Structures are given as structure tokens and as C-alpha cells.
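Engineer: Each chain is listed here by its residues.
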Amino acid sequence: MKIPLSYSFRNLLTRRLTTTLTTSGMALVVFVFATILMLAEGLRKTLVDTGSYDNVIIIRRASTTEVQSGIDRYQASVAETQPEIAIGHNGRKLAAKEMVVIINLPKRGSEKPSNVTIRGIGEQSLLLRPQIELIEGRMPKPGSSEVIAGENITRRFRGCGIGEKLHFGMRDWTVVGIFRAGSTGFNSEIWGDVDQFMQAFRRPVYSSITFRLRDYSDFEKVKERIEGDPRLTLEAKREIQYYADQSEMMTKFLRILGMSLTIIFSIGAMIGATITMYAAVANRTSEIGTLRALGFQRRNILFAFLAESMLMSFIGGFAGLFFASFMQLLTISTVNWQTFSELAFSFTLTGEIVCQSLIFSVIMGFLGGVFPAFRASRMNIIDALSAR
Amino acid sequence: MHILKLIFRNALRHKLRTALTILGITIAILAFGILRTLVNAWYSGVEASSSTRLIARNSISLVFSLPLSYREKIRQIPGVKGVSYAIWFNGAYISEKNFIPNFAVEPKTFLELYPEYLLPEDQKTAFIRDRKSAIAGRKVAERFQWKVGDSITLKGTIFPGTWEFVLRGIYYGAEKTADETQLFFHWNYLNERLKKTTPRRSDQTGVYIIGIDNPDQAAEISEAIDKTFKNSLAETITETEKAFQMSFVSMTQAIVTVIQLVSFLVIIIIMAVVANTMAMTARERIGEYAIMKTLGFGGWYIAALILGESLVLTITGCVLGIILTFPTAEHFGKTMGNFFPVFNVSVITIVLDAAASFLVGLLAAVFPTWRAVKIHIADGLRRIG
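As they're listed, the protein sequences go chains A and B.
If you count the first sequence from 1, position 98 lands on 98 in the working numbering, and the numbers rise without skipping.
If you count the second sequence from 1, position 20 lands on 20 in the working numbering, and the numbers rise without skipping.
Since the hints were made in silico from the structure, they are not lab data.
Every value quoted in this text rests on a predicted model; they were computed, and no experiment measured them.
Careful, some of the hints might be misleading.
Straight-line Cα separation of at most 30 Å, DSBU-like style, residue types lysine-lysine; simulated pairs [said to hold, decoys possible]:
| # | chain 1 | residue 1 | chain 2 | residue 2 |
| --- | --- | --- | --- | --- |
| 1 | B | 196 | A | 223 |
| 2 | B | 155 | A | 221 |
| 3 | B | 108 | B | 81 |
Chain B extracted, bound-state conformation:
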């Protein structure tokens, strides 16, 4: 017990220095936590994907569409449970700065395939019945203060013109990972108008979403679908929803890597700060260590003192940092909601926080410990300052 008391007393000897060091660690752990959460947010689409959904798209790239006639052919393939389709509409709400992901979908089958988007039953029926209607996620509805029954106008970027919708429902996610920032409306509404304006682009869809019974069959079914449309004008690439979402992440991999690197840099910087504090502390107390050695305390006892003090500093800072991470992440998620629909602190992040601070505490104490353990009693006593 004595040693613990000594460690705490030692840590409090230079109150300002201790406070500054702990503040530094708190900020570093906070930054580390937010950066890790940022990286996780990048992968939120991958996290939210289901293993029982496949996505088929045009093999050239997502910019190219697929004919609607494929729907029936895909449905006939054994193992396929349900088929829905969606087009990336990319309409702008008031101005392009208010980015909302919006899709034209076939409502009934779409909601069947995405059970994680929860809607009250009456809103669901109203949405399916009304061709001019749309549903929006909870977060986006909060952001623009939309209520059910409001009319929303989007300016088309890919499909020219202004498009009016009536908001018939607000969905919320069954799980925390679900994206609550999107807007969905009827594919038919889009198609009817395209038939009049640009018939060339009508009866087309962006992607097919395919529900399957058994995730183990995903590979065979994908292959069967792609084979069906081989050597046609619109060949397909079918992959699991996870792989599809992953392809978006890997396109911006460079940025993710940079953020990851930086999150480690912040730990290294704080290591330099803590190591500096410990080096100075040990240096000032060399004389005391020599006295303790004279009194018969072993080198390892002194090592434990230094290491203990270092860990007290880092762990205190770490706890404070973790506590602050949650409100910061919430605030950050709100302001950056435009870029990141899902911004949750994960358990792994907290574990990594703790591990990082432990490691910093350990490494920062290595050099001073070594110096204190090695010093000869006579040298230590002779030394001043």
C-alpha cells in the first residue's frame, strides 16, 4: 500500500506539470477517439450491409443503367427471394450544399428487402399508395424540420427539372448502424416523366437489389445472374451488398489511410510529451532515489515508483479523454452529418484508447527508469539539480 501512496504523492508534487500533462493526454485520447470514429464512419455503409442482399449493377460502371426487363429474369433464378430496384437520383434540396442521398425505388419490394428501415404501418401504406410521395430518414427530417404531409421540391441534376414530392413517412433505423439520412421516392414517378421528356432513359434502373434466402449461396447466385446477361448490351456485375459498399470505401482508401496514420501520430506526439515529463521528474529526483537506495530499497522498487507515476498520469488522462469523446462525437456527428450519416463511438475505439494510453505510460517510463535504476548511490548523491 505504501508504494501506491508514494506514487500519488509524487504525482501531485508538481501540480501544474501534472495537470498540463494530463490535459495533454486527455486531448490526445480525445483526438485519437474521434479519428478512429471517423474511420469507422467511413465503413458505416459496409457495417450496415446485410449478407442476404446482393446488388447487381451495370458492368461498365454505376453511371450506366440496366433495363427494367431484367427484373423478371433475375426473379426466375433459383435461390432469389425478392427483387427490388433503385436509381441514384441525386436531386438537390434548395441548393447543392444541402446534400441528401436520394433514390427512386420500387417502394413495396424495397421496404421488404430493407427491414431495418422502420415505418409506422399507416405511413408505410400511405407511401406505397401515393405515387408522388416520398419517405425520409429521421435525421434528415430533423435537419430540415420536415413533418409528414410536407411537400418537398428537389432540383434534378442527373434528371433535369424540378420534382415535387409529398412526405408521407419518416423512417428510423432498427439498428444504430442504419443510415437515417436518405430520401426515397417512387421509381414510377420518375419513369412516367422520363417517358414524356426523354424516352431513351425510361424503363431503366440503376441497380437491382436482390434478396436471397441463404447467404452461403451468394456466390453461385451472383454468378448465375451475371451469366444470364453475358454478351448483352448491358452486362451485369453482381456482388454482395458488403462488397458493393466496400468498393466505395476502397475508392477513397487514400484518405482513410491518411486519417489512420494521423491518429497514430497523435499518440506518438503525446508519448513525447509524457516521456518528457517523466524524464524531467526522474532527473529532479535522482538524489532522492540515491537516498532510497541507501536505505535499502531495491532498484526495482524505484522502477515501480516511476512506472506507477507515469501510468497514473496516462490513465487519468485516458479516462477523462474517453468521457469527453462521447459528447464531442455527438457534436461532430451533427455538424458533419452532411458527410457522415452514421457517427457512433465503437467499443473497439474505447479499448484502443485504453491500450494506447497504457502503452504511452509504459514507454514514457522506460528511459527514466533505466537511468534511475542504473545510477550509483554515490553519483546520485553528488549530483545537483
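Chain A with its partners taken away, still in its complex shape:
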């Protein structure tokens, strides 16, 4: 077994140009494959991390996002009285009535405007989202025209650095703090006092109510009560579900794009591997004959050529993955069509993606090498030896 294997391996070294070309083709394919998986994973992670399992969000029925929703003060006060809402250490209910709108802000550098989410928060909003930490400055004073900006926003939008001013709703708003929220969607938001925002935007309705459940299994009960109450036109969702729904379209788009690209690209790379392996077999006909004459079985030959092809693609896959891992340094920001607002997420490499990519590359090598390997193994000893 050892001889055919080392023979294959040494052959790769001898035909350096061909090996390099085929391997780099494979590497590019695996790079694309891994990158798209990483992108989808990054998006999923960002949106799933944004929600907490025991938080419930209430929005107006049939409105799929907070921006579309509107809850008037009366309905909000009814919805807030659910007995299942947890009580915070300050003795008050862990519920926040919030307002979410979208404003246009110019990006730093390009000056191109994009949509940024503005969230008017209540006193309890921060307690509901333990992921959030202030990394610079201070919290806005209640009742003042002060806001804090998420880390991603500060970096990318003009006027969102600490001490800078934003103008909207006929007022100037000073950025007094910058917050970080793990890898969540909140990183792409600007927060301020909800009552001030309602004034400024002349919009006397809340967008959503978020609250923590005393016991997470109470969800069905609360949902039934809120949605069955004739005074309310609201619906309740687990926060996790709400954020997963918001990325549905984008996830689907990435999946379709990724799948089609991977299929097309891998066909290209497999053709490359097949060509290389057929040539390898053709060039080594007499060597194969010699091996067979020495007593190696057909399956040894089959195995040797398959191993050569799979080794080649494995090296390619490893190289592709190596370069793909650098993509983790990049952050992609784009507008999510469903929420119509800016969302930043980064490429995320997981162990699962590493395994998938390597398995994928080996499968490509196998499929590319299987026909040439069969041809090699089926050669007649006499004919092969007499070939020049």
C-alpha cells in the first residue's frame, strides 16, 4: 500500500505547474464556498444574538417589523399589565415601551446616505438587554436631546462620534455615549429618550413593547391573552423569533446565491481535476503496467490515483479555507430589505464550516478523480507495458 501512495505523492511534486493550477482552482472554489457559509452564519448569529429567549416583543398585528408597527398609549398601558412580566431589582416591571423609526444619515467618506434605526428607549430598556455595555461617554439624561450610538454606527456614519451633533426632527441631538452590544443588531442603532423622540417626530404612538417573562414557559399564556383581548390589536412574539423572521428574506437570498455559485464553481474545479488526472493516467501508462507487473492489484492502482486526486483537492481546500479565515476581519454592512434599515455583520468561521469545507473539497477531488482512476485500474498489463 505504501508504494502506490508515495508514488502518487511524488508525482504531484514532479508536475508542479499542473498541480499548482489545479489546486489553486480548488482553493478558489473552497474559498467561495466557505466565505458564503461564513456570511450566512454571521448574519444568523447577529440576528439570533439580538433576541433573548425569555424576552417577548409586542407589535401591532400584521405589521412584520417594529418600524411598521404602531401602538397607541391606551393599548400600551393595557398590554403592560400582564401578570407574567418579571419584576426587576428596583421593584418595577421589566417592560419597555419603545419607538423605532428610520432616519437617513450620510456615511463617512462616501457621503452616501443610508437608513439608520433610531430607538427611543424607556427606563428599563437597558435591563432587558444585558448584552449592552457603554464603552465611552455616558448615558443620555432623561428629558434631554441626547443620544447614544452603537459601535458600528459611530464608525461608519457622519455625525455619530462622541460629542458630534445630529440634526433631525427640527432639533440638534448630541451624541454623549457609545455602546457595544456584542455581535447583535443593536450595534447598528442609535438610542435616545422615547418621549423626546415622540415629540420630535410628532408621532404619538409607540412601536413595540418588550418585556421579560417571569418564567419563560409562560409565553403561550401571555400570547393567548394579549391576542385574544378585544381591546388590543396586537401580537406577541418571542424576541428570538422576531429577529429570525426579519432576516428570512436575506438568509434565503444568501442561501440561493451561495448554493448556485458553489454548484457552478465546483463543476469547474472538478473538470479541472478530471483533466489533470486523465493526463496523469495517460502519461504514466507504462508505469502503471510496471506496478501491475510487480504484483500490485487493480484496486491498489485505483486507490493510488483516487488518493492523488483527493490529496490535491484537500491541499486546495486547506489553502482556500486559510484565505477565507482572513475574511473574519471584515464587516459587511447593508440594508436589510425587510426592516429597511442598516445592519452590520461579519464573516463568522465555525468548526462546522471548517469541516464542511474540507469534506466538500475532498468530495470534489473524489468525483474529479474517480473516472481517471477507473481507467488506470482497468488497463491491461501487456498493453500498458508496451505503451510508449
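Given chain A, put chain B in place with the hints provided.
Structural biologist: Quick look at chain B alone, frame taken from chain A:
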């Protein structure tokens, strides 16, 4: 003529290898073409925009509305020919998965400002007359098999409730770039109901569409409009329709860039495949090249042989790829119609296809050519395999 014959004979020596290489190029060109078309589809709104239309929206963002009272004030501004208005309604048909772009518009002025949406005269009058009516684009009508006279129910997402319409017309685009997937209905129908349910939101519109006579005046007129409403509760931003559509594209620029990058990657991958084929071919024939040199053929003749063979491969693959691009794009456009209303293969895409395959053929031949030209006759003859 001899050299051409030699090139074709050479190309056909390894039939399987040639076939595989050509297949690879075909797939790559096909993928490249589809990806370019995808990028173009992103810009379809920009392409379809007219230079004689301006769009005014609330300066805070599109989520905020503008009062209806602005209509008369805008109309008074010199250079303005006509004013219409529209609201993004975003109603869902049966379920949210059946995405249809739908707008509440002022029908008469809207159709005047959008001459590219063609309707038979009787359907047009019926639409304008009936307050509960709607018109839909050809593609969306085909998708849901709507006929004129059908009733359509949308579930409001931004404006709660169920909304019923009667389809009074099916429009089709005057040009290929026109979006035929939208649905339009009466702004008045929406407004009447809002007056009853949420008076706060009535007498408002999303955007104003402003028709102008002279595209050269676009900047001044925009400025005049924005100045009129400066320091009011609802300040405006007015821009050309093109700039307005462009702002949507630039919001998702990152995705467009990724697709563009990938479309170039596919060309690089195929370059590796073709270069590999050519390297192997030249390597196997080193002995022959040496013999040819002995017979007195110059290095450049051999270079032409290799380059010619490489180009034969890529150009054949390219032609096949281009032929396949059209049916694929049509199929793709149908299945992805939800995301992309317009999905047409452009002439530039075809030119780029040809240029890419030519470049691949050229570059793939460089290294083997160099090796074949440089080799000494004695070395070439001595070499085996």
C-alpha cells in the same frame, strides 16, 4: 491555411480533454453572464428612471410622510409641469411570501407622469373612474393568473386591515426596462379609510413625483422645492428619479460588490483550468516542437500554434456559454421574479463574455508558449513524456 488546419487537428487530439475544457469554459461564461445580469438587475430601477421626473420625500427618511397640502405649493414652482403622489402601501397578497410592490397613487396624474406604463384606453378610464380599482403589471398578473375584473385582497402591514380591490387594468411596459411587477391603486381609497380609523395619518403622502419640462433645470427646481419647505415640520429632499433609485442601490452596495467580485473569481478559476490544459498539452508535445524546429519552423510559428489552440478552446466555450445564457437568464428571471422585476441580458454582458474568454485564452497560453519557444532542440528531443 496550414496553420489553422494544424491547430484544429491538435485541438481534437485529446477529444475528452478538449470536451471537458470547453464544458468548463461554457459553464464559467454562463455563470459570469448570469452574475453580470444579476448586477444589472440591481440597477434596473436606475435604468428605468426618467430624467424629467423628480422625487420629493421627507428629509428624515422615507418612513415619514409629507402633507398633501404641499401639492399645490410644488405645482406653483416655475418649471414644474405636473405633480403626482404615491404611498408605499406594502400590502401582502394572501401571505407575506408573495411579495408584490404596491403603491397608493393619484391615478390620473400618475399615469400622465409615467407614460412607459401602457394601458388600453378603456382600462385606463375604468381605472381612473372606479375608486376601488387597481391596476397590475403584466408579469404579476401572469404570476397570479389575474384577469381584468378579478377582485384582489391585500392584507395591510403598514396600514392595518384587509383591503379589497377590483382589477381594472393590466399594464405593460413600453420599454424592456420598465417594471411590470407592481400594483397601483387609488390614494383616495386609502385616505378615506384612514380618515375614519386613524385621522392622524390621513391627508398624507409618501413621496411627490414631479414632472419637469427641461432636465437641465432639475437642480434648480429641486432646490426651489426644498427651500419652500425649509424649517417646516416636514422638510423635503428633492432629487432626480435616478438619484432616488440609486440611493436604494447604494444601500445594498456591499452585496453588489460581492457579486461583482465573485463574477471575476469564476473567470480566474476557469483560467486555471484552461492554463492547466494548455500546460499539459504543450508538455506532451515538447518533442514534436523540437522536431518542427529542426525542420526549420520558427519559434513564433510554434507560439502561434499553442495560442491558436488555446483560443479555439476558449472561443468555442464562450459561444456555447453565450447561447446558453439567454434561456438560463429567462428561467432565472422567472423563478427569482420576486426579487428582481427586470432580468434582461445586456449587450455589454455579451461583450464582456467575449473579452473575458479571449483574455483567458491568451493568458493560459503564455507560459506553455514561453516554454516551447525557449526550449533547445536537443533538450526537446531528449525529453521523454
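Engineer: Are the hints correct? Go through all of them and say.
Structural biologist: The hints, checked one at a time:
Taking the CA atoms of residue 196 (chain B) and residue 223 (chain A), the gap is about 29 Å. The hint holds against a cut of 30 Å. For the suggested pair residue 155 (chain B) and residue 221 (chain A), the alpha carbons sit about 27 Å apart, so the restraint of at most 30 Å is met. Restraint check for residue 108 (chain B) and residue 81 (chain B): satisfied, since their Cα atoms lie roughly 14 Å apart, inside the 30 Å limit.
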